[in-house]
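Visitor: Protein chains in written order, with the working numbering: chain U, -7 to 103; chain Y, 4 to 92; chain C, 23 to 145; chain D, 1221 to 1305; chain W, 184 to 415; chain V, 188 to 351.
Hints were generated in silico from the structure; no laboratory data involved. Treat the hints with care, since some could be wrong.
[Claimed, not checked] Here are the simulated lysine-lysine pairs, DSS-like style, with alpha carbons at most 27 angstroms apart:
no.	chain 1	residue 1	chain 2	residue 2
1	V	Lys291	V	Lys192
2	U	Lys82	W	Lys283
3	D	Lys1297	D	Lys1246
4	D	Lys1246	W	Lys186
5	V	Lys285	V	Lys245
6	Y	Lys32	D	Lys1245
7	V	Lys291	W	Lys283
8	C	Lys130	D	Lys1245
9	W	Lys283	V	Lys235
10	V	Lys190	V	Lys291
11	D	Lys1297	U	Lys82
12	D	Lys1245	W	Lys283
[As the list claims (entries may be wrong)] Some chain U residues near chain Y, calculated using beta-carbon distances under 7 angstroms:
no.	residue
13	Gln(-6)
14	Gly28
15	Phe40
[Stated by the list, open to error] To spell it out: a stretch of chain W is covered by chain V in this simulated footprint if at least three of its residues, at any positions, have a beta carbon under 8 angstroms from a beta carbon of chain V; those stretches are:
no.	region
16	282 to 291
17	297 to 311
18	371 to 381
Keep in mind that this is a model prediction, so the values were computed, not measured. For every residue, glycine included, the Cβ atom is placed at its ideal position computed from N, Cα and C.
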Amino acid sequence: MQLIGAVISLLGAIIIFIGALGAFRMPDVYNRMQTGTKATTLGSMLAFLGVGIAVPGWIGKIVLLVLFIIITNPISSHALARAAHYSGIKLTEKSVRDNLEEDYPDEVDND
Amino acid sequence: MDSITAIIFNTAFYVLMAAMALAFVRFIKGPTSADRVVAFDIMTIAGISVIVFISVIAQRVIYLDVAMVYALLSFLGVIAVARYLEGGL
Amino acid sequence: MIILIHGLMLIIIGIWAMLTRKNLIRIIIGFAIVDTGINLVLVAIGYIKGKTAPIINDAVSTAQGAAAGMQAVDKVVDPVPSALVLTAIVIGLAVTALMLAYAIRMHKTGRSLNIDDFEEQKW
Amino acid sequence: MIETILTIVLAIISLMAAVYAVLTKKTLNAIIASGIISLLASIMFLLVSAPDVAMTEAAIGSGLTTVVFLYALKHIKDRRSTHDD
Amino acid sequence: MIKYLLIALVLIGMGWLFLPLATEYFTPTQLNNLAANYVYGSAADLNMPNAVTSVVVTYRGLDTLGEVTVLFLATAGVGFFLKRKNSIKSKRRHGSEILKSGADLLAPLIILFGIYIFTHGHLTPGGGFPGGVVLASAFLLLLMAQEHFTFSHSVIQFTESLSGIAYVFIGLAGLLLLGLNHFLDPRWLNLGQWGKLFSAGAVPLIYSFIGLKVGSEMSGMLDSLQSDGGDE
Amino acid sequence: MRKLKPGIILFIILFVLWIILAGTDRDELIIAGVSSLVISLLFASKAKALGNIHLSPKAICCAFMYLFVFLRELVKSTIDVAGRVLSPRLPINPGIVKVHTRLKSPLGRLILANSITLTPGTMTVETQGEYFYIHWIDIQTDDIETTTKAIVSIFEEYLEVIFG
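Isolated chain U (complex conformation):
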């Protein structure tokens, strides 16, 4: 049982590491956010659940921890993406298109 929990935790840690690596390699803010703040969500969930399996008495608090992470994380990354777009940070040259820029070009302050 403890072994299973430890393996799941290791998997979660590796996913967090991949997220950090993605944030290191990606070309612009939006793609960094894609890997950085959301691949890490699943990673941290797995890490916590592994601990919960390894130590069965803690499962209540672990579930709450996962719940808090899953509620708060998307709100913050959405707010940051919106702010990055409105403060005039451009997408990388690799991008295909930008419908938001086409529809609301005046909202962005380019200073």
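Fit chains Y, C, D, W and V to the supplied structure of chain U, relying on the hints for placement.
Guide: Only chains Y, C, D, W and V this time, still in chain U's reference frame:
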């Protein structure tokens, strides 16, 4: 905890430390402020995981409360910087 | 031990920031760093190697009342520095906010954040 | 053993963040760096078995410190842009 | 140039002063007498698991009363330096719809968690100071998400003064019921059963009031920092 | 009853949360009841969005299905993104696309947007009326309808039953 389990847990711990260091490199390099906030966010999540692992090593359930405070409040800092960047604070 | 040295180095870096920077807000950030460093030093002095937090639950002692107290004395760290730092952190935030309010006020009257523009208020 | 290594890694990162906060040009970056210092200090408090202090530092450092600095920065920036002196 | 030299000299001197603290520091292997007494007394006299709380609230209770006063003075100073003029600035960018509805749903959750922290201050880590800060964080979330968020200042001031007065009166109750040198002694209430929520005398009550006071003070401070409107 | 519904749901959520946190002791139940009652009275006007939840058996069934689908998508897209990050060429094709949604209630839109944000590879940047603007790491088509089908429809059919 037998030895194999301990080794696997320790490996997970080292991997988390490496993730933290990598995010910090992005923090130093990041061309814009938004990049730095992304790096800060990754460091926070890795930090919460580190706290949970510390509580496993120390065998104290009460340390999880600290992780809960972080999980519930860490998004405030990110939202604050975001609202500052878009001019709405 | 490492944490003690680290706290001392944070204090020195913060004082460096306070001495060399011109911008008022940067000086206050230096002050916040000094604050964190001092708290780290205080807590690190109370630490005893290999002992756990001074909260007596099942991990420390399964007895109740006075018997738990007898058992716990050998297993926990010093609670006094923790109690001091606990309040000091909150006070530190309030003092930082007070300094920032003063900086805003100075910018309002003097139209500048540079510390050298306020020469006449030195003494 | 592993706790010692973790402490050393955290100490190095935190000192680098502090030096960065002193040397950087933009004030906003210095504020985010002070947030990182606060996060790492909270983990260190936990490592010296002081969970109460760690919790207080977590509650303060995660939101309030950053926000207080940002409010001050906002007021100063607003006034600078409207009066343009 | 000479200035940089001077600063470097000051820093090196400071490091030299700190050096003995680092090198001659030896790790103790046992608690000193005072701390051992506190830990033992926390369990034996007060029936309370958390020794840090027993030091903060009971053994050094007068100190904490002073700290709360300092906190009050600092926040009053912030309100004194910054004028409240809510109506002038309204050119903030609107928060997104998701942030607004998320803030509405998260704020009660954060407040409940803050109440959990400061009512369980004698059993688990936490207590009035972090709990109050968590309450203020919920307030801050609403303040950031909604650009027209208003609340009545009188409610916050009323909560703050009421909890301050209640704190002092609980201290006086110890003086009245137990004897002359028992100011802030929580043992006038039933000590209760080990590890339950209603135990350790008046400590949960005192910590709840400290939490409410810190929370309302921090909220007032954030509000005055946020709405410093315009020039004189 | 209509007006009380958000408050009651909020009360139940807070009460269950406290029980998970602290256990079912008698003292805990007293404090939990009092504090959640006070908070739900204070926030009843703010949390109107909670009134949109339908509590029929079908909706509850759909909620479980939704949870399952969401977890499956989460794992699938995480593996996908991890593959992209680890491959040396970094095969990404990013951009911001526009999709439309049929959901009206605030809570449903919140959960839809959060689900889109939580699955790696897609991220909600802005919401305007019935259109969501989504940053997508790997754009396949140009058309609004097919994009909507690829990103939104998986979640939307369940959420529509739950929140209407």
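Visitor: Tell me, in ascending order, the numbers of any earlier hints that this structure violates.
Guide: Checked against the structure, the hints that fail are numbers 5, 12, while the rest are satisfied.
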